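Generate coordinates for the entire structure from the input sequences, incorporating the hints supplied.
With UniProt numbering applied, the sequence shown covers 1 to 172.
Since the hints were made in silico from the structure, they are not lab data.
Note that this is a predicted model, so its numbers are computed, not measured.
Yeah, the Cβ is synthetic: ideal placement off N, Cα and C, and Gly gets one too.
Treat the hints with care, since some could be wrong.
[Stated by the list, open to error] Straight-line distance between alpha carbons at most 27 Å, and here's what the computed BS3-like set of lysine-lysine pairs gives:
1) Lys77 to Lys90
2) Lys131 to Lys169
3) Lys77 to Lys23
4) Lys90 to Lys23
[Unchecked claim] Quick list of the computed label-pair ranges, beta carbon to beta carbon:
5) Ala30 to Thr60: 21 to 27 Å
6) Pro63 to Asn109: 19 to 25 Å
7) Lys90 to Pro10: 34 to 40 Å
8) Thr60 to Asp102: 17 to 23 Å
9) Phe103 to Glu144: 37 to 43 Å
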Amino acid sequence: MREAVGRAYPWPATLTDALAEVKAWDSLAADRGLFCRPGEWTHYAEVRCRVVLLEDELETGRPAASWDDMQARFDWKRYAHERTWRDPQKRDEPFLERLEADFAFLRANAHPVHSGHPHMQPASRRTTADKRADVLSMLDTQPELSDREIARRTGVSPQTVGNHRRAPKPAA
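Take a look at the structure:
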């Protein structure tokens, strides 16, 4: 069923987008409900089906692919609790409060992942001669670096760097 609903309208790319769509449908229902008697107006079945599928996606659907997806899951749990009340209510779930605080701390202190040297070209589709030239250049300009570090920056194995380091220098 999700496939059919996803083909009718594009499926949200992220959990944050899914949460935003659920909130938009809820807001629309609340706005339309202002002009009808209680219980007189509801979304059509197609919309209710999509909202249920989006809620399932937020609850137990696809795995989180980013920090933002994790935050969307926390926001969803909070929103799911708060949407049942007209006035804001404090959630009495200390475990979830602690979990959200821990997540916020870890996210704030996470270091971005960097691979390779920021000034080097990507290692893909380079010829062996290009790699050799990169290694020899690094050995000439920064001989104090370890074989492992030069290998990481140039996209070759530490063994290759060691072989070039030990190779006799050509006579000028």
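Now the hints, each set against the structure:
| no. | hint | in the structure |
| --- | --- | --- |
| 1 | Lys77 to Lys90 | 13 Å, holds |
| 2 | Lys131 to Lys169 | 17 Å, holds |
| 3 | Lys77 to Lys23 | 13 Å, holds |
| 4 | Lys90 to Lys23 | 19 Å, holds |
| 5 | Ala30 to Thr60: 21 to 27 Å | 26 Å, holds |
| 6 | Pro63 to Asn109: 19 to 25 Å | 22 Å, holds |
| 7 | Lys90 to Pro10: 34 to 40 Å | 36 Å, holds |
| 8 | Thr60 to Asp102: 17 to 23 Å | 21 Å, holds |
| 9 | Phe103 to Glu144: 37 to 43 Å | 40 Å, holds |
Violated hints: none; the structure is consistent with every hint.
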